[in-house]
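Given next are the chains, with one letter for each unit.
There are 2 protein chains.
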Amino acid sequence: MRQFLIVGHEAPTTPSFSLDDLAGGAGRLDILCRCVTSAFVRSHGIREDVRVHLVLNDQFTIQFDGSNLKRLNPDERSTAALIRTALENRENAIGHMPAESTPGVSIRRMGFAETVEKLKTETTPIRLHETGTPIVDIDPPDDPLFVLSDHHSFTNDESDQLNDVTEHQVRVGPVILHADHAITIAHNYLDTSGYEKY
Amino acid sequence: MRQFLIVGHEAPTTPSFSLDDLAGGAGRLDILCRCVTSAFVRSHGIREDVRVHLVLNDQFTIQFDGSNLKRLNPDERSTAALIRTALENRENAIGHMPAESTPGVSIRRMGFAETVEKLKTETTPIRLHETGTPIVDIDPPDDPLFVLSDHHSFTNDESDQLNDVTEHQVRVGPVILHADHAITIAHNYLDTSGYEKY
Chain Y
4 MRQFLIVGHE APTTPSFSLD DLAGGAGRLD ILCRCVTSAF VRSHGIREDV RVHLVLNDQF
64 TIQFDGSNLK RLNPDERSTA ALIRTALENR ENAIGHMPAE STPGVSIRRM GFAETVEKLK
124 TETTPIRLHE TGTPIVDIDP PDDPLFVLSD HHSFTNDESD QLNDVTEHQV RVGPVILHAD
184 HAITIAHNYL DTSGYEKY
Chain R
4 MRQFLIVGHE APTTPSFSLD DLAGGAGRLD ILCRCVTSAF VRSHGIREDV RVHLVLNDQF
64 TIQFDGSNLK RLNPDERSTA ALIRTALENR ENAIGHMPAE STPGVSIRRM GFAETVEKLK
124 TETTPIRLHE TGTPIVDIDP PDDPLFVLSD HHSFTNDESD QLNDVTEHQV RVGPVILHAD
184 HAITIAHNYL DTSGYEKY
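Top line first, the protein sequences correspond to chains Y and R.
Add 3 to a position in the first sequence, counting from 1, and you land on the number used in this note's numbering.
Add 3 to a position in the second sequence, counting from 1, and you land on the number used in this note's numbering.
Honestly, the hints are just simulated from the structure, not real lab data.
Treat the hints with care, as some may be off.
Stated by the list, open to error - To spell it out: a stretch of chain R is covered by chain Y in this simulated footprint if at least three of its residues, at any positions, have a beta carbon under 8 Å from a beta carbon of chain Y; those stretches are: (1) 52 to 64; (2) 71 to 79; (3) 178 to 189.
Small disclaimer: the values here were computed from a predicted structure and weren't measured.
Don't be surprised by glycine CBs; every beta carbon is placed ideally from N, CA and C.
My request is simple: use the sequences and hints to build the entire structure.
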């Protein structure tokens, strides 16, 4: 399974944001929405063997699970609506137990460190970063967890936590890209690496 | 220069669409907006040596020119607003002359065939298609023009016109992707092909 964790440093933690202002008042939720789309959407369907974890302002983590994900459309606005519905259910997320808001979407009361700690046992965490090893120089790992940040860099605390668990720090090319574009390239690398001639 | 032409088969030809319904009433304008973002946006800036041509319902072509493009943000809604402004200026596009609506964005009264005919002399047209040659098997061409379609396939007429001018038909991987994701991978291929170790 391929998993992606994206940190939204200014992302909303209540459902009171407007779908008309995702790139402004909603703390650049547009970036996180595009990351979800890049992770799941292919032509005429979704990638079922994928999970995405959006860390919202270090307070909540929303998980999208491709194996039973419904109602995901490729546009930003409808993805933001799924996130808003998840936040409407945040009071049902007690302790570290998830609360499912729509099929395949659930919210947990967990920040970055707790989410990474939970996922590291079942994945190979990989930090996508501009100073890393070219992605084509690493062998495709089993069960990769690609960890990315939004328009801000990882904080020092986040970097320290990641350094403790990541085997690889990789970059996708010489041009520094947005997180959603990096996800598309990571997928393509994995898609093509198993094929001599695809 | 890298250029991208994307055909919007149901795209609006008047500015009367709602920014709140890009994926519905606006004829999947969300796809074209994401293509613009994929073509131009990199972290903290845009790719200046890029042009994008959006063919709207075979009636108008809107050109985005990276060398003097302003006001482009990465979210779908603000890109759609630039397209709407271009359509508000459609009456100023007389004959095949462009009408500039905002810096770097102009509209022409040209459909698919006329736009391809105009561009073929200055580019190497490449059709991105699921049955093509793997992109890694072609040498990066000079001045590529990648031609893509929205959520619909090219019509028979469009295919015939493309067959007349394209040297290559390429695919980006074994998984069939949306146009905007294919653009991201095409960029990455060109970005990395000139570097032994990026």
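Tested hints:
1. 52 to 64: violated (count 0)
2. 71 to 79: holds (count 4)
3. 178 to 189: holds (count 7)
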